[in-house]
Every structure is written in C-alpha cells, then in structure tokens.
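Given next are the chains, with one letter for each unit.
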Amino acid sequence: MRSLSIGATGMQAQQLNVEVISNNIANSSTTGFKRQRAEFQDLLYQNMRRIGSTSSDAGTIIPSGVQIGSGVRTASVYRIMEQGNLTITDNKLDLAINGNGFFQIQLPSGDIAYTRDGSFALNPEGKIVTSNGYVVAPGIVVTAGATDISVSATGQVQAKVPGSVIPAIVGQINIANFANTAGLEATGDNLYLETPASGTPTTGLPGSTGLGPILQGTLETSNVNVVQEITTLITAQRAYEMNSKIIKTSDEMMQTVGQLR
Amino acid sequence: MENPIYISLSRMMALRNQMDVVANNVANANSTAYKQQRVLFSEFLKKPAMGEQISMVRDRATVRDMSQGPLTATNNPLDLAINGKGFFVVDTLNGPRYTRNGRFQLDGKGGVVDVNGLPVLDAKSKPVTIPAGASRVRVTSDGSVLTDLDPTNAVAKIAMVSFEKEHQLVQVGAGLFTTASPDQQPIPASNDIKITQGMIEESNVKPILEMTNMIGVLRQYQGMQKIIDAEHERQKAMIQKLGRSV
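If you read the sequences in order, they're chains A and B.
Each residue of the first sequence is one higher than the one before, counting from 56 in our numbering.
Each residue of the second sequence is one higher than the one before, counting from 4 in our numbering.
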C-alpha cells in the first residue's frame with residue numbers, strides 16, 4: 056500500500072509546519088522578529104500508464120495516463136519580511152526603521168550582520184551597541200558626559216555636551232537593504248546574514264529612495280499575527296489528523312485483504 | 004465460473020490506486036499551487052463464451068483539477084501568483100518545465116530562481132536577472148519586472164504560457180509539469196491572465212471531499228471482500244452438494 060508511506064510523508068510535513076508555527080508564536084513579542092512560513096511541494100510521480108504513449112498501431116495516443124504521486128516534502132521554510140507594528144518607548148537609543156532596511160551590526164568575528172531590532176544602548180566606551188553588546192556600524196562613539204542624544208530620520212546622531220549650546224554631530228547610521236530580503240539567513244539574536252539568495256546589500260541614508268526613515272524612541276514589534284498563527288495551527292493539526300486517518304484506512308484495507316480466504 | 008471473484012478483484016485493484024491518489028491529495032493539502040487529482044474509471048468488457056458478457060473495471064486515468072487555488076498574501080517581492088490558466092517557465096537540464104508555484108528567490112548572481120534553484124525564464128526564453136544594486140523589485144500584472152534603478156523600463160518580462168490541452172501535461176514532482184509529446188507546444192498566455200505580486204497560490208485540495216472519498220474507498224473495498232467471501236461460500240456449497248456420493 057503506497058498510501059501508507061504517502062500518509063507518513065504528510066504527517067512529517069505537518070509536524071514541521073506545527074514546529075514553524077510554534078516558533079512564530081513563541082517569538083510573537085520578540086523585537087523585530089519576522090514570521091516564517093513552511094512551504095511544501097509534491098514528490099515524484101509514478102507513471103502507471105504513461106501519457107502520450109501509443110495505444111494502437113494506428114498511432115493513437117493515450118491522452119491522459121495514470122500518474123500516482125508519492126507524497127509531500129518540505130521545499131523551504133522562509134521568512135515573511137512584512138513591517139511589524141511600531142511601539143513608542145521614549146528610550147533615546149530605541150530606533151525603528153519605518154519601511155525597508157536593516158541596521159548593520161559588526162559581529163565580534165568582523166563580519167557584518169543585519170537586524171531590524173533597534174534596541175540599542177551605550178557600552179562603557181560610549182559606543183552604540185545592540186542588547187548583546189555588538190557594535191552598531193560604523194561604531195559611533197558618543198562623547199562622555201553627553202546629556203542628550205538625538206537620532207534624526209536620516210540617521211544622523213547628535214549629542215549635547217554640557218557647556219555647549221549646539222549639539223555636536225557624532226556620527227551617521229546608514230542602513231542596508233537587499234533585493235530579496237526573504238533570502239537572508241537568520242543566526243538567532245535577531246540577526247541576519249547575507250546569503251547568495253538575498254543578493255548583495257546596498258547601503259544608504261535612511262529615508263533615501265527605497266529605504267525607510269529612522270524613528271527615535273520607537274521599537275518595531277514582531278510581525279507575528281497571533282490570531283493568524285492559531286488558525287494556521289488548527290489547519291496544520293487537522294491536516295495531521297487527516298493524514299493519520301489515511302494511514303488508518305490503508306491499514307484497514309490491508310486487514311480486509313488479510314480476511315480474504 | 005470464477006468471474007465474480009475476478010470482477011471484485013479488478014475493482015479492489017482500482018480502489019487501491021484510488022486510495023493512493025486520495026492519500027497524495029491529503030498529503031499535499033498544504034503544498035504551494037498543488038492541483039488535486041481524481042481517478043477516472045472505465046468499464047473493461049470481456050466476452051468469455053456463449054454470448055456472455057462481463058464488465059470489469061480499470062483505472063483509466065488520473066485527471067487533474069486545474070481550478071485556481073486560493074491566494075495567500077506573503078508580501079515578499081518575489082512571491083508571484085498567477086490568476087487564471089497559465090504557467091511560469093523554468094529551465095532545467097532536460098528542457099523547460101512549467102509550474103504555477105511562483106515562490107521565487109535570487110541566486111548568487113542576481114538571477115531569479117524557483118525554490119529548487121531552477122532559473123525562471125522570460126518571454127524570450129532567457130533567464131530573468133535583477134541588476135546588481137537594485138533594492139526594490141516590482142512585478143506588474145503582465146509579468147514585467149521593474150527595479151528602483153529604472154522605474155520605467157522593464158529589465159525582463161517573466162514568461163507566462165498556457166496549453167491547449169492542459170490535461171496532457173505530465174507531472175514530474177516539485178510542482179513541475181512537462182509536455183508529453185513534441186506536438187504539444189506552449190502558447191503565450193492570453194492578456195487576461197494576470198500575475199499578482201506578493202501572493203502565493205495555495206493548493207486546491209478540498210480536505211472534506213478527500214475524507215469522504217477515503218471513507219467511500221474503504222467501504223467499497225470491504226464490500227468487494229464480502230462479495231468474494233460470498234462467492235467462496237457459494238462454490239463451497241456447490242462442491243459439497245454436487246460432490247455428495249449417491
């Protein structure tokens with residue numbers, strides 16, 4: 056019975072689907088998290104009666120043959136890069152990008168990672184860093200003793216030092232974008248890495264063509280819609296059940312054969 | 004004399020194939036752009052002797068329901084769905100293959116590829132490429148690809164083809180179709196078939212129908228077994244009656 060193994064591939068696929076959904080729900084309050092979606096494809100087909108084969112000496116051909124599939128496989132689990140909601144935190148170093156673009160983060164290894172999570176802070180040397188302490192490119196140092204930090208929509212960082220009336224420009228945050236953001240590789244900690252599928256990054260001023268402006272005192276929440284995830288979860292669970300019913304039915308059919316005398 | 008058994012067996016064999024098809028439909032209920040299949044049965048006549056005529060059953064064909072699946076928004080720029088009867092063309096080593104799965108991405112060189120890395124072809128049968136440096140891609144309803152580098156001139160036009168006899172396409176897995184005979188050539192899709200960007204076509208499997216089909220298959224299978232059982236009993240009774248010594 057081929058349907059036994061077909062049902063098994065279906066159950067495996069739905070199990071993975073539930074895993075992806077549970078990861079989405081678990082990260083529904085993660086800053087800058089982008090939800091994922093599992094994508095499935097049909098497996099190879101077996102031709103029991105081949106389409107287009109000759110059916111008589113007169114050259115007539117079979118218009119549609121018997122093709123029986125062998126189940127389902129997971130083609131990819133990919134990220135949906137929709138904008139998340141913006142929440143106001145009034146924290147001077149909480150930055151959100153309203154539109155396309157990623158902050159560039161210098162990893163300890165020297166590579167550049169990309170993130171939508173703009174919950175930054177200052178490290179002891181006065182550098183702007185992520186919540187994990189990684190330096191935000193290009194490594195802006197805020198003057199010691201600065202009382203007020205402001206980040207403009209175009210990414211210009213200004214700090215006000217005591218004794219000076221005019222705030223001093225201390226740096227410029229540029230953001231990067233990719234032709235296919237769904238192709239980025241997630242490495243955890245809200246960071247993404249460039250891959251061949253994402254294309255090469257193009258960097259620019261926030262708010263310039265194709266890039267969103269920076270909003271200070273704002274964070275981007277995850278784009279997980281919990282209601283939608285729960286409904287997908289229900290569909291996945293029911294699909295899992297239906298595949299198990301297929302296995303049960305195939306079993307009963309085999310039992311029927313066993314009762315033939 | 005054993006004809007009832009052979010007729011039942013022909014039905015049981017056909018039902019097994021139908022069960023496999025139902026199982027494949029249910030397993031692919033969440034596969035992108037999957038088209039559900041049905042089994043077509045036909046009567047198979049046999050004339051054993053003396054004007055007697057018995058009809059067995061055989062599964063003649065699997066037919067695909069090519070109706071449109073529901074569209075789901077993903078908002079990814081390279082997720083494309085076709086509204087209407089049409090196919091995208093991807094290039095393989097064995098020639099072009101046709102698919103309705105428009106979940107595309109970029110390879111390392113800016114080429115647009117499908118989920119398995121096969122290049123997507125444009126209307127001139129050349130692979131579609133996105134020029135380096137483009138950060139926004141827009142695909143219009145006729146398949147023209149525009150980037151933010153040049154928002155007025157299309158860099159390529161994604162090919163959309165259709166077939167006169169769609170049911171003659173052969174499925175090769177991974178959502179791909181191929182033509183069965185050389186005289187079956189793709190024709191450019193008509194203008195009322197539109198590409199929608201940021202959407203994915205879901206599978207058109209209706210799970211409730213599949214479940215009822217499955218129950219039907221099981222019950223008929225069991226019914227056929229009962230017929231074989233009854234025929235067995237009949238033959239046994241006959242042998243006992245006729246074989247009794249006078």
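No wet-lab data here; the hints were simulated from the structure.
Keep in mind that a hint or two might mislead.
[Claimed, not checked] Here are the simulated DSSO-like cross-link-like pairs (lysine-lysine), alpha carbons at most 27 Å apart as the crow flies: (1) B:K168 with B:K209; (2) B:K160 with B:K49; (3) B:K229 with B:K197; (4) B:K229 with B:K239; (5) B:K88 with B:K209; (6) B:K229 with A:K300; (7) B:K209 with B:K49; (8) B:K229 with A:K303; (9) B:K127 with A:K300; (10) A:K182 with A:K215; (11) A:K303 with B:K239; (12) B:K239 with B:K50.
[To be verified] Across the chosen pairs, the derived CB separations fall in these ranges: (13) B:K129 with A:E240: 25 to 33 Å; (14) B:A135 with A:A199: 35 to 43 Å; (15) B:L48 with A:R104: 32 to 40 Å; (16) A:G272 with B:G136: 30 to 38 Å; (17) B:P134 with A:S263: 15 to 23 Å; (18) A:G154 with B:L43: 34 to 42 Å.
[What the hints assert, rightly or not] Just a sample of chain A residues kept apart from chain B, beta carbon distances all over 12 Å, derived: (19) M66; (20) A130; (21) L162; (22) T236; (23) G238; (24) T258; (25) N278.
For glycine and all other residues, C-beta sits at the position ideal for the given N, C-alpha and C.
Structure-based check of each hint:
Between B:K168 and B:K209 the CA atoms are separated by roughly 24 Å; this keeps the pair inside 27 Å, and the hint holds. Taking the CA atoms of B:K160 and B:K49, the gap is about 55 Å. The hint is violated against a cut of 27 Å. Among the hinted pairs, B:K229 with B:K197 is inconsistent with the structure: their alpha-carbon atoms are about 53 Å apart, more than 27 Å. Only pairs whose Cα atoms come within 27 Å are accepted, and B:K229 paired with B:K239 is accepted, the gap being roughly 15 Å.
Of the supplied pair hints, the one linking B:K88 and B:K209 holds, its CA atoms being roughly 19 Å apart against a limit of 27 Å. Distance restraint check for B:K229 and A:K300: the Cα-Cα separation of roughly 23 Å lies within the 27 Å cut-off, and the hinted pair is therefore satisfied. Taking the CA atoms of B:K209 and B:K49, the gap is about 36 Å. The hint is violated against a cut of 27 Å. Restraint check for B:K229 and A:K303: the C-alpha separation of about 20 Å stays at or below 27 Å, so the hint holds.
A C-alpha spacing of about 47 Å is found between B:K127 and A:K300, which places the hinted pair above 27 Å, so the restraint is violated. Distance restraint check for A:K182 and A:K215: the Cα-Cα separation of roughly 15 Å lies within the 27 Å cut-off, and the hinted pair is therefore satisfied. With a CA separation close to 33 Å, the supplied pair A:K303 and B:K239 exceeds the 27 Å bound. Of the pairs offered as hints, the one joining B:K239 and B:K50 holds, with about 26 Å between alpha carbons and a cut-off of 27 Å not exceeded.
Range check, B:K129 to A:E240: Cβ separation about 29 Å, and the 25 to 33 Å hint holds. In this structure, B:A135 and A:A199 meet the distance hint of 35 to 43 Å, their C-beta atoms being roughly 42 Å apart. Taking the beta carbon of each, B:L48 and A:R104 are about 18 Å apart, not inside 32 to 40 Å as hinted. Roughly 32 Å separates the CB atoms of A:G272 and B:G136, a value that falls within the hinted 30 to 38 Å.
At roughly 18 Å, the beta carbons of B:P134 and A:S263 sit within the given window of 15 to 23 Å. A hinted range of 34 to 42 Å for the beta carbons of A:G154 and B:L43 is inconsistent with their spacing of about 52 Å. The claim that A:M66 lies off the interface is violated: its Cβ sits roughly 8 Å from the closest Cβ of chain B, which falls inside the 12 Å cut-off. A beta-carbon of chain B comes within 12 Å of the beta-carbon of A:A130; the shortest separation is about 5 Å.
A cut-off of 12 Å between C-beta atoms confirms that A:L162 is not in contact with chain B; the least separation is 21 Å. With 12 Å as the threshold on Cβ separation, the claim that A:T236 sits away from chain B is violated: the shortest Cβ distance comes to roughly 8 Å. Against the 12 Å criterion, A:G238 falls within the reach of chain B, whose nearest CB is about 5 Å from its own CB. Under the 12 Å C-beta cut-off, the non-interface status given to A:T258 relative to chain B is violated; the minimum distance is some 10 Å.
Not every C-beta of chain B lies more than 12 Å from that of A:N278, the closest at about 9 Å, which undercuts listing it as non-interface.
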